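For the protein sequence lines, the chains are H, R, V and G, in the order given.
Just so we're aligned, residue 1 is where the first sequence starts under this note's numbering, counting upward by one.
Just so we're aligned, residue 1 is where the second sequence starts under this note's numbering, counting upward by one.
Just so we're aligned, residue 1 is where the third sequence starts under this note's numbering, counting upward by one.
Just so we're aligned, residue 1 is where the fourth sequence starts under this note's numbering, counting upward by one.
By construction, these hints were calculated from the structure, which means they are not laboratory data.
Note that the structure is predicted; figures quoted are calculated from it, not measured.
Check each hint, because a few of them may be wrong.
Claimed, not checked - As a list, the in silico EDC-like pairs of lysine to aspartate or glutamate whose alpha-carbon atoms are at most 20 Å apart:
1) V:Lys59 to G:Asp131
2) G:Lys602 to G:Glu644
3) G:Lys329 to H:Glu157
4) H:Lys2 to H:Glu30
5) H:Lys2 to H:Asp40
6) G:Lys410 to G:Glu129
7) V:Lys59 to R:Glu32
8) G:Lys329 to H:Glu30
9) R:Lys11 to H:Glu38
10) V:Lys59 to G:Asp574
11) G:Lys198 to G:Asp321
12) R:Lys59 to V:Glu72
Said to hold, decoys possible - Far from chain H, by Cβ distances over 12 Å, these chain V residues were calculated:
13) Asp16
14) Glu67
15) Asp68
Yeah, the Cβ is synthetic: ideal placement off N, Cα and C, and Gly gets one too.
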Amino acid sequence: MKWGVLQFPGSCDERDALNACQIAGGGVNESRLVWHEETDLSGLEGIVVPGGFSYGDYLRAGAIARFSPAMTAVAEFAAAGGPVLGICNGFQVLCESGLLPGALLTNERTRFICRQGELVVGEADSPFLAGLEAGQRISIPFKHQSGRFFAPPDLLEEIEAKNQVAFRYAPGQNPNGSLNDIAGVTNEAGNVLGLMPHPEHAVEAFGGSTDGLALFRGPAPAAGAAA
Amino acid sequence: MIQARVLIRPKEGILDAQGKAVEGALPALGFEGIEHVRVGRIVELQAASADRLEELCEKLLANPLIEDFEIETVSE
Amino acid sequence: MIQARVLIRPKEGILDAQGKAVEGALPALGFEGIEHVRVGRIVELQAASADRLEELCEKLLANPLIEDFEIETVSE
Amino acid sequence: MSEATHRELGLTDGEFELICEKMGREPNGVELAMFSLLWSEHCAYKHSRKLLKNLPTEGPRVVMGPGENAGAVDIGNGYSVAFKVESHNHPSAVEPFQGAATGVGGILRDVIALGARPIAILDSLRFGEPDTERTHYLVDGVVRGIGHYGNSMGIPTVGGEIYFEPPYEQNPLVNAMCVGLARTDEMVRAAAAGAGNKVVLFGSLTGRDGIGGASVLASAELDEGDDAKRPTVQIGDPFEESKLLECCQELLAEDLLVSLQDLGAAGLTSSAGEMASAGGTGIDIDIGLVPLREADMEPFEIMVSESQERMLAVVEPDKVDQVLALCTKWQTASSVIGEVTDSGTFRILKHGETVGEIRVDDLVDGCPLYDLDPQEPAEWTYANRETIEADASPSDIALSLLASPSIASKRWAFDQYDSIVGSRTVHRAGTADAAVLNIPESNRAIAISIDGNGRRVACDPFQGTVEATLECAANLAVVGAEPLGVTNCLNFGNPEKPGVAWQLGRAVDGLAAACNALEAPVVGGNVSLYNETPQGPIYPTPVVGMVGELPDPAHVAGEGWRGGDAIALVGPFDPSLAGSELEKQRGQLGKGLPEGEIAPVKAAIELVREAVRSGAIRTATDVSDGGITTALAELAIGSGVGCEADLHPVMARRSDNPEDALFGEGPGGFVLAGEKAELEKLGGRGVDFELIGEVKGNEVIVKAGDARVEILVEEAAAAFDSLEDRIESDQAGLTH
Ligand SMILES: Nc1ncnc2c1ncn2[C@@H]1O[C@H](COP(=O)(O)OP(=O)(O)O)[C@@H](O)[C@H]1O
Ligand SMILES: [Mg+2]
Numbered sequence: 001m002k003w004g005v006l007q008f009p010g011s012c013d014e015r016d017a018l019n020a021c022q023i024a025g026g027g028v029n030e031s032r033l034v035w036h037e038e039t040d041l042s043g044l045e046g047i048v049v050p051g052g053f054s055y056g057d058y059l060r061a062g063a064i065a066r067f068s069p070a071m072t073a074v075a076e077f078a079a080a081g082g083p084v085l086g087i088c089n090g091f092q093v094l095c096e097s098g099l100l101p102g103a104l105l106t107n108e109r110t111r112f113i114c115r116q117g118e119l120v121v122g123e124a125d126s127p128f129l130a131g132l133e134a135g136q137r138i139s140i141p142f143k144h145q146s147g148r149f150f151a152p153p154d155l156l157e158e159i160e161a162k163n164q165v166a167f168r169y170a171p172g173q174n175p176n177g178s179l180n181d182i183a184g185v186t187n188e189a190g191n192v193l194g195l196m197p198h199p200e201h202a203v204e205a206f207g208g209s210t211d212g213l214a215l216f217r218g219p220a221p222a223a224g225a226a227a
Numbered sequence: 001m002i003q004a005r006v007l008i009r010p011k012e013g014i015l016d017a018q019g020k021a022v023e024g025a026l027p028a029l030g031f032e033g034i035e036h037v038r039v040g041r042i043v044e045l046q047a048a049s050a051d052r053l054e055e056l057c058e059k060l061l062a063n064p065l066i067e068d069f070e071i072e073t074v075s076e
Numbered sequence: 001m002i003q004a005r006v007l008i009r010p011k012e013g014i015l016d017a018q019g020k021a022v023e024g025a026l027p028a029l030g031f032e033g034i035e036h037v038r039v040g041r042i043v044e045l046q047a048a049s050a051d052r053l054e055e056l057c058e059k060l061l062a063n064p065l066i067e068d069f070e071i072e073t074v075s076e
Numbered sequence: 001m002s003e004a005t006h007r008e009l010g011l012t013d014g015e016f017e018l019i020c021e022k023m024g025r026e027p028n029g030v031e032l033a034m035f036s037l038l039w040s041e042h043c044a045y046k047h048s049r050k051l052l053k054n055l056p057t058e059g060p061r062v063v064m065g066p067g068e069n070a071g072a073v074d075i076g077n078g079y080s081v082a083f084k085v086e087s088h089n090h091p092s093a094v095e096p097f098q099g100a101a102t103g104v105g106g107i108l109r110d111v112i113a114l115g116a117r118p119i120a121i122l123d124s125l126r127f128g129e130p131d132t133e134r135t136h137y138l139v140d141g142v143v144r145g146i147g148h149y150g151n152s153m154g155i156p157t158v159g160g161e162i163y164f165e166p167p168y169e170q171n172p173l174v175n176a177m178c179v180g181l182a183r184t185d186e187m188v189r190a191a192a193a194g195a196g197n198k199v200v201l202f203g204s205l206t207g208r209d210g211i212g213g214a215s216v217l218a219s220a221e222l223d224e225g226d227d228a229k230r231p232t233v234q235i236g237d238p239f240e241e242s243k244l245l246e247c248c249q250e251l252l253a254e255d256l257l258v259s260l261q262d263l264g265a266a267g268l269t270s271s272a273g274e275m276a277s278a279g280g281t282g283i284d285i286d287i288g289l290v291p292l293r294e295a296d297m298e299p300f301e302i303m304v305s306e307s308q309e310r311m312l313a314v315v316e317p318d319k320v321d322q323v324l325a326l327c328t329k330w331q332t333a334s335s336v337i338g339e340v341t342d343s344g345t346f347r348i349l350k351h352g353e354t355v356g357e358i359r360v361d362d363l364v365d366g367c368p369l370y371d372l373d374p375q376e377p378a379e380w381t382y383a384n385r386e387t388i389e390a391d392a393s394p395s396d397i398a399l400s401l402l403a404s405p406s407i408a409s410k411r412w413a414f415d416q417y418d419s420i421v422g423s424r425t426v427h428r429a430g431t432a433d434a435a436v437l438n439i440p441e442s443n444r445a446i447a448i449s450i451d452g453n454g455r456r457v458a459c460d461p462f463q464g465t466v467e468a469t470l471e472c473a474a475n476l477a478v479v480g481a482e483p484l485g486v487t488n489c490l491n492f493g494n495p496e497k498p499g500v501a502w503q504l505g506r507a508v509d510g511l512a513a514a515c516n517a518l519e520a521p522v523v524g525g526n527v528s529l530y531n532e533t534p535q536g537p538i539y540p541t542p543v544v545g546m547v548g549e550l551p552d553p554a555h556v557a558g559e560g561w562r563g564g565d566a567i568a569l570v571g572p573f574d575p576s577l578a579g580s581e582l583e584k585q586r587g588q589l590g591k592g593l594p595e596g597e598i599a600p601v602k603a604a605i606e607l608v609r610e611a612v613r614s615g616a617i618r619t620a621t622d623v624s625d626g627g628i629t630t631a632l633a634e635l636a637i638g639s640g641v642g643c644e645a646d647l648h649p650v651m652a653r654r655s656d657n658p659e660d661a662l663f664g665e666g667p668g669g670f671v672l673a674g675e676k677a678e679l680e681k682l683g684g685r686g687v688d689f690e691l692i693g694e695v696k697g698n699e700v701i702v703k704a705g706d707a708r709v710e711i712l713v714e715e716a717a718a719a720f721d722s723l724e725d726r727i728e729s730d731q732a733g734l735t736h
């Protein structure tokens with residue numbers, strides 16, 4: 001599957017995400033980085049908005065990156081049903097740009113955290129969850145400073161009612177004070193998914209877990225069918 | 001030229017982690033009787049006109065879902 | 001009870017990395033004619049008295065080495 | 001220039017006279033500022049360079065040694081790793097968050113300047129005891145600062161160490177190490193070459209950051225304002241550096257640069273001066289072409305500004321446009337500010353008009369090097385204080401050691417660092433004794449360790465430094481790695497004092513002896529002197545960083561053991577309370593450590609390394625602070641299973657004092673756990689070997705003669721995890 005991984009000034013995890021795309025694709029090297037000024041996404045079958053500190057995370061995480069030309073193209077790609085995965089800073093960018101509901105606030109304890117943790121797969125209907133079952137636990141690193149998911153009460157209710165929760169932190173493992181333990185959500189259609197934890201850092205055995213691969217493999221059949 | 005000052009605060013009802021951290025640190029430093037600490041941002045800038053400041057705040061400087069903003073301007 | 005508002009800004013001459021990044025991003029967002037962007041913090045709190053606010057700012061809220069602060073109070 | 005000026009700038013009368021003699025006239029303000037910085041201890045190494053010549057610097061794997069921005073060793077398949085450790089002690093004492101952040105930024109740029117991509121950061125920190133507001137403030141700021149910079153740059157912080165000792169209370173140490181990966185044939189040197197080539201400055205704008213002491217040169221006019229407002233604190237901007245890194249990588253990949261250099265201490269003066277010196281050329285810099293953050297800067301300010309996130313490159317004239325275009329792509333400012341010449345002179349121009357002119361040799365190599373006047377102090381010169389009750393039982397002592405700030409878990413700190421970005425991290429701080437990074441490019445992994453116990457070095461500078469170096473090698477052995485090269489940072493007090501001079505000389509001798517024995521060349525480092533306050537000097541603290549390689553990251557011994565495992569003690573471990581954590585708690589520290597031979601320790605290191613590499617041993621750790629009991633307790637805490645061990649063989653073979661066996665420290669001890677039959681294969685191999693117990697139950701039980709430690713694993717864990725609460729209580733962390 002041909003992924004495009006966005007690269008903003010200040011992105012950090014874009015090579016890791018590209019690496020994950022490649023491993024998920026059985027080592028085939030057909031994915032590529034997409035510079036933030038690019039607007040032509042033709043030929044790409046999926047988009048990753050990766051983690052890092054786009055524009056230094058200054059002002060507010062994701063606030064500046066969402067205005068990049070590439071994000072306009074990503075919005076069109078998503079509107080046409082293309083799969084878009086936002087990881088960490090990418091999740092923040094997708095929320096800021098309105099492609100996903102909610103917002104991400106500074107961790108309750110205000111500190112950056114980096115540790116391995118467990119997620120419970122939610123009920124959301126999304127191609128990214130194709131290889132996972134609702135209720136299943138997966139082990140994925142948590143790594144962020146502004147990962148506290150927030151939505152005002154009515155929006156939160158809507159997200160829950162429409163089954164847009166993709167992942168929750170396993171009981172007792174919520175590292176940041178996210179509402180309803182939410183670690184990741186999808187848009188209504190399910191083709192856009194954002195999460196704070198880092199599946200691209202759980203793709204090789206030496207790192208301790210390969211549970212993250214499922215997310216990169218999930219949309220492959222759908223993309224194949226579309227092509 | 002306009003000198004503008006934008007105050008951006010966490011919306012009422014949202015846990016303000018930084019404000020809470022400040023409150024938590026007060027007793028050990030011997031400060032008493034201080035409460036309701038809220039931490040926000042201030043952005044100061046010079047603009048040719050005030051026309052689009054509101055838009056700038058809504059689009060970039062603040063996130064209306066979680067933050068309120070207030071613009072104060074002084075013409076120079 | 002006193003309602004206090006503390007404005008904390010990077011000192012004149014000190015690199016303001018956030019202000020610089022915001023200013024740099026504005027033209028691409030279609031905002032022209034905006035300059036001298038400085039980003040700081042605002043801390044609002046309630047205190048039993050204004051006596052030790054200065055000290056609070058110096059010790060905890062601001063870093064006097066790199067930041068200036070300004071305290072505005074309203075009695076309630 | 002008044003005579004007082006050069007003194008205020010830190011030059012001695014003799015040095016000033018020498019400058020006048022070399023120039024044939026008195027220097028003007030710009031020139032004096034430049035001399036004062038390049039002839040400072042920091043840049044000229046005037047009290048340490050003679051000693052450093054004793055370090056072994058050569059070996060078959062060395063690609064770049066001391067003299068370059070960082071050292072580098074070959075790791076096969078056309079790749080090298082570049083690494084260096086550097087201090088940022090003073091700036092961190094003044095402003096911990098920015099001091100630590102810019103310390104990381106600075107060491108990253110040294111590695112970036114070689115054309116390497118940084119792949120790991122380690123930090124080595126020293127603070128006072130964690131009971132004071134000041135220590136809390138420093139720890140909070142430093143840890144956040146390191147995390148802020150490394151995390152934002154996307155470079156994992158994979159290891160480090162934190163010690164808490166009273167002599168660091170006013171003068172904390174913040175040492176950061178960076179490791180980078182490069183294709184060997186694409187690495188660049190810093191030497192300027194080719195008269196007529198252009199000098200390009202890129203990165204952040206130049207402001208008044210870090211001008212500090214030199215500001216006495218400011219003209220009266222500028223002095224009229226409030227001088228206190230003149231900024232001296234350097235502010236780090238990792239976003240700018242992140243762009244700079246990618247920009248440098250692309251410039252080098254496109255083969256657009258002749259040479260590259262970072263701007264560190266003394267800014268443009270040192271980088272341009274050292275580039276010209278290394279290349280045997282001259283250089284012209286026009287300060288009128290330097291992009292400024294503030295309009296009214298004086299020439300000397302521009303020449304010595306320490307604004308962060310800037311690089312200097314030498315570029316052939318026909319490639320300049322491409323270079324500037326790439327900088328624009330990465331949204332980083334750039335401009336041509338000068339030219340390489342064949343004059344041998346460093347010329348400073350302002351819009352074409354000469355404002356300063358110095359022979360490159362005079363500036364860079366002209367500073368006199370001083371001999372030290374070492375004198376061993378007759379007695380222990382540091383304070384002692386008792387913090388443990390005299391009648392504490394062995395179990396109480398064990399818990400007290402686990403809770404001791406220098407031994408207790410630092411996970412709360414390391415969890416604030418992104419340790420996994422880059423997809424190479426096999427082991428990070430806290431999961432094995434050394435960090436392990438996968439290097440698929442050359443079909444192997446590297447291991448990195450950083451170590452330096454200042455207290456033991458204070459007891460005996462030679463032996464203490466040998467031990468620090470051996471501990472690095474032991475940490476590497478535990479993950480199956482053998483040393484390739486060493487970097488170091490020598491943090492000491494005022495070398496003009498005979499006692500400190502003696503510490504420094506003996507420590508360098510110890511480093512040389514250990515590196516020679518281990519055949520691990522020193523490829524770079526840093527020296528930080530004058531770490532003292534009116535309360536006295538810090539403990540002499542050589543921080544040793546070691547990089548090694550291992551064939552297979554799948555065979556790395558970790559710290560988790562399993563019920564039923566047998567426990568062995570391997571190596572010529574000869575524990576003593578001298579200089580130990582327990583002696584510190586008892587307020588009984590004094591001069592001297594037992595001398596030990598290096599060869600048998602080296603043999604033990606090799607045996608453990610081979611055992612781990614074979615895959616037969618899955619649990620191994622070296623015995624270090626707090627002795628065997630602490631090592632056993634840490635393994636128990638890590639896996640939640642207790643143990644029962646009897647140190648009788650240790651007692652019988654060496655000392656008869658149970659406390660020495662239980663809590664004594666010293667080099668050359670490894671605790672291994674695993675299948676008894678596998679462990680026994682390590683016996684009879686010329687290295688001391690004893691089975692001392694078994695993994696079981698929920699208690700840590702360690703016997704030595706009549707003495708017995710018996711603590712619940714839970715209790716041990718609670719003690720081990722107690723530091724976070726002690727340290728965090730009063731910090732709000734609003735620095736960013
Ligand atoms: N303790 C030491 N051991 C070995 N080499 C050292 C030591 N201290 C400094 N060096 C070497 O001396 C040179 C100058 O060091 P430094 O001034 O820190 O470099 P830079 O200006 O690039 O930061 C470097 O090549 C460094 O590796
Ligand atoms: Mg350098």
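Looking back at the numbered hints, which does the structure fail to meet, lowest number first? 2, 3, 8, 9, 10, 12 and 13
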